[in-house]
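The whole structure should be built from the sequences, with the hints applied where relevant.
Protein chains in written order, with the working numbering: chain A, 1 to 380; chain B, 1 to 216; chain C, 1 to 202.
Don't read these hints as lab results, they were simulated from the structure. All values reported here derive from a predicted model rather than from experimental measurement. We put the beta carbon where it would ideally sit given N, CA and C, even for glycine. Don't take each hint at face value.
Claimed, not checked - Computed Cβ-Cβ distance ranges for the label pairs, DEER-style: (1) A/Gly99 x B/Val68: 24 to 34 Å; (2) C/Gly17 x B/Pro60: 22 to 32 Å; (3) B/Ser20 x C/Arg186: 32 to 42 Å; (4) A/Lys368 x C/Arg186: 54 to 64 Å.
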Amino acid sequence: MSRARPNSGALLGLTLAWACTAALAEDAAGQAQATVPAATTPAQKKTSPALTPAQKTSPALTPAQKTSLALSPAQWLERMNHALTTRNYDGTFSHWHGGHVEMLRIIHRVQDGNVSERLVSLDGSGREFIRSGANLACYLPDRRTVLVEQRPPQESLVGFPAVDDQTASFYDIREVGRMRLNRRDTHVITVSPRDEYRYGYRLWIDASTAMPLKTQLCDAHGRIIEQVVFASLALPVRIADASFRPEVSTLGFRWLRTGTAAPLAPAAPATSAWNALRLPPGFRMSVRSAQVLPGSNQPVDHLVFTDGVASVSVFVETQSAAGAQAPRAQSAAVGSSSAFSTVVDGHKITAVGEVPLATVQFIATQVKAQDLVPAGVPQR
Amino acid sequence: MNEELDSQLSAMFDDQLPPSECELLARRLSRDEQLKARWGRYAVMGAVIRAERGVRLNAPLAGRVSAVLLAEPALGAQSVAGALPRRGLRWWQPVAAGALAAGVAAVSILWLRAEAPSSVASLSARLTTPAAASGASVIPASARERGGRADSYVVPPSPAVPAIVVPSTELANYVVAHSMFSSPVARRNLLSAFMTSEPAAAGAEEPPDDVKSAAQ
Amino acid sequence: MSADVSDLSLVRRVQRGDKGAFDALVLKYQHKLVKLVMRYVRNPAEAEDIAQEAFIKAYRALPQFRGDSAFYTWLYRIAINTAKNAVVSRDRSPIEYNIDRHDNDESYDMQGRMKDSETPEGLVLTDEIRTTVNAAIDALPEDLRTAIVLRELEGLSYEEIAAAMDCPVGTVRSRIFRAREAIDHRLREVFEGGLGRAEELG
Numbered sequence: 001m002s003r004a005r006p007n008s009g010a011l012l013g014l015t016l017a018w019a020c021t022a023a024l025a026e027d028a029a030g031q032a033q034a035t036v037p038a039a040t041t042p043a044q045k046k047t048s049p050a051l052t053p054a055q056k057t058s059p060a061l062t063p064a065q066k067t068s069l070a071l072s073p074a075q076w077l078e079r080m081n082h083a084l085t086t087r088n089y090d091g092t093f094s095h096w097h098g099g100h101v102e103m104l105r106i107i108h109r110v111q112d113g114n115v116s117e118r119l120v121s122l123d124g125s126g127r128e129f130i131r132s133g134a135n136l137a138c139y140l141p142d143r144r145t146v147l148v149e150q151r152p153p154q155e156s157l158v159g160f161p162a163v164d165d166q167t168a169s170f171y172d173i174r175e176v177g178r179m180r181l182n183r184r185d186t187h188v189i190t191v192s193p194r195d196e197y198r199y200g201y202r203l204w205i206d207a208s209t210a211m212p213l214k215t216q217l218c219d220a221h222g223r224i225i226e227q228v229v230f231a232s233l234a235l236p237v238r239i240a241d242a243s244f245r246p247e248v249s250t251l252g253f254r255w256l257r258t259g260t261a262a263p264l265a266p267a268a269p270a271t272s273a274w275n276a277l278r279l280p281p282g283f284r285m286s287v288r289s290a291q292v293l294p295g296s297n298q299p300v301d302h303l304v305f306t307d308g309v310a311s312v313s314v315f316v317e318t319q320s321a322a323g324a325q326a327p328r329a330q331s332a333a334v335g336s337s338s339a340f341s342t343v344v345d346g347h348k349i350t351a352v353g354e355v356p357l358a359t360v361q362f363i364a365t366q367v368k369a370q371d372l373v374p375a376g377v378p379q380r
Numbered sequence: 001m002n003e004e005l006d007s008q009l010s011a012m013f014d015d016q017l018p019p020s021e022c023e024l025l026a027r028r029l030s031r032d033e034q035l036k037a038r039w040g041r042y043a044v045m046g047a048v049i050r051a052e053r054g055v056r057l058n059a060p061l062a063g064r065v066s067a068v069l070l071a072e073p074a075l076g077a078q079s080v081a082g083a084l085p086r087r088g089l090r091w092w093q094p095v096a097a098g099a100l101a102a103g104v105a106a107v108s109i110l111w112l113r114a115e116a117p118s119s120v121a122s123l124s125a126r127l128t129t130p131a132a133a134s135g136a137s138v139i140p141a142s143a144r145e146r147g148g149r150a151d152s153y154v155v156p157p158s159p160a161v162p163a164i165v166v167p168s169t170e171l172a173n174y175v176v177a178h179s180m181f182s183s184p185v186a187r188r189n190l191l192s193a194f195m196t197s198e199p200a201a202a203g204a205e206e207p208p209d210d211v212k213s214a215a216q
Numbered sequence: 001m002s003a004d005v006s007d008l009s010l011v012r013r014v015q016r017g018d019k020g021a022f023d024a025l026v027l028k029y030q031h032k033l034v035k036l037v038m039r040y041v042r043n044p045a046e047a048e049d050i051a052q053e054a055f056i057k058a059y060r061a062l063p064q065f066r067g068d069s070a071f072y073t074w075l076y077r078i079a080i081n082t083a084k085n086a087v088v089s090r091d092r093s094p095i096e097y098n099i100d101r102h103d104n105d106e107s108y109d110m111q112g113r114m115k116d117s118e119t120p121e122g123l124v125l126t127d128e129i130r131t132t133v134n135a136a137i138d139a140l141p142e143d144l145r146t147a148i149v150l151r152e153l154e155g156l157s158y159e160e161i162a163a164a165m166d167c168p169v170g171t172v173r174s175r176i177f178r179a180r181e182a183i184d185h186r187l188r189e190v191f192e193g194g195l196g197r198a199e200e201l202g
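The following block contains the structure:
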């Protein structure tokens, strides 16, 4: 085991600027219950007793340490997801994939139930992704383009893949130890896939804030495909609106907008036409909706399949006459995520997800128009 | 100022000058510092348009290379392993559509999508300016300029017109739409990758052995 | 596949002993190459050094270049190779952690500068160049701007642009040339104005 080697690979040329002291101070001052998550699952209620004033100031064991001893790996994942979606944070991190590294900054704020977030590429493309309430914009200076769309605000509450009992059949989730990462105490959780349809994770979760300080995405053989490491991270009580404005000048850019996306519907009985005949084991449909994407006026069917950890979106749109001469099958990669599209009966079907290419390909080729099969029932 | 010469320089920079004129201009370019400087500024313009951030636009790189080469032996005709074949390529000949499509399929490129020429109209339609953001505005078809210059040329309509490569905002839309349904960590990773994704040039794989050994 | 007649005519000159022709190739591709190398090393100064090394290697390997691929493709591969070698030799390959159960104090040794390596001055000049070009482009008539953006940003050939803009190829060539002229009118100032201030010394 290599210890304390200069690991500048993922953090080239950067001075570490840990705001851990500040973060802890904010934790204590701003959110007295920082170490007791506001989540309301019965499991968490059992293990997170209310703190007396004496306990809060006890030097022997911090409340964080007390509660953290008792959580299962799956509960750590839940705490982590909760932190990522409900806390304010502002950090810079390195994103490693495919042999090269880039630095990004992420700012996230939840205020009066409204989520604002901004992701900025600090070098290279200068692209920015900004979401503020219902407005979502992608600034692509290297394409001189801005994609703008509106999403219904309740979408942030729809939920993302959640680990449940069924998930354990497809992933081995365990805590492999504790590790100090840049003077922070972390729980190291591994999520190992049991087959080659999906990827795995290694997560270094801060014991106090539950933020994932380091994340590795691995394939079924344990090879690291993608790595994100925070170089600096602060959890401020307040983040100004100005932090969510783009830096890039959009003079001369083209703007591709769309109207308000159609509201989402939970998975309903398949009265509508599209569904997957078969799915990889463990995957089930979780959401079905229709929306209009920026730059077009055509509605697109959007299905979401998940196995509790990974999710795959399938988009179905009517093939335009012009696109009819396009290659029938195309694949693409966005970091570790895969995309595959194919054409069936005059419809273009595209699957996108954080899974291997073979999986999105499988799902995309299984999607057919049908009227009779109930939603979410994978046929074997 | 020789406008004809400068116009040739611009065309040569874009690989759109007939071979015979290229030979002549290449000779002038290699000797004329003013011409070289202009050529270098053309490259700077391109870099700015492509928003190649982080790259220094006034780097003395070219000067340094030139200085190093002064000490290098000149390459002589006898050292050329095999003279470059004269291809007799006519610059206006379109690339076969099949070859381009194959190239796209072989490399998973985020931003390339081959579209049929009949979609050219939609390409025009997508080139909106902010002022016209409310609806797609089409570039006004300018009156055809016929006759006049000897090198005016109109592409004849033919079934073999090459596929036009345009950026696919479609995949970008899918990525963003999907990101709303990923787990928070996966979503962050996906959007990060999207923020940093770069189009790879065709054929950008390991170099073949001969180049490897030559380049040492 | 290659339609890079202009590159080939320059390459042929270099192969026959004309070093000045190689300058033109460097000028044309230096930004692309540095940008490419920066996918492997973050530090711009280091990236420039690697790009420089790649150009030198390409010059030395030029006798073996037969035109089987486009010159830029060939150059591109050399640059990637050079960058990868530079990265590996500095032990900057990504970390593979073996997790064990002991507490480990992983200290990240933060070498190097916090900011990009550009001196404040170099940064200002690059910004000034960028601003000048962008302002000039925005001031262009729409047909000129469209032509040059389609060429430089989308990489379309003249005949593809002619199809997109519904005009003859000769008009495309003229529009792009005039766009460049208009931009160069301002850009020349930055590069040549005053005491040649845009030229970095060494």
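Do the hints match the structure? See the list:
For A/Gly99 and B/Val68, the Cβ-Cβ distance of about 28 Å falls inside the hinted range of 24 to 34 Å, so the restraint holds. Take C/Gly17 and B/Pro60: their Cβ atoms lie about 25 Å apart, and the range 22 to 32 Å holds. B/Ser20 and C/Arg186 have their C-beta atoms about 33 Å apart, which keeps the hinted 32 to 42 Å range intact. For the hinted restraint 54 to 64 Å between A/Lys368 and C/Arg186, the CB-CB distance of approximately 58 Å keeps it satisfied.
Checked against the numbered hints given earlier, the structure satisfies every one of them.
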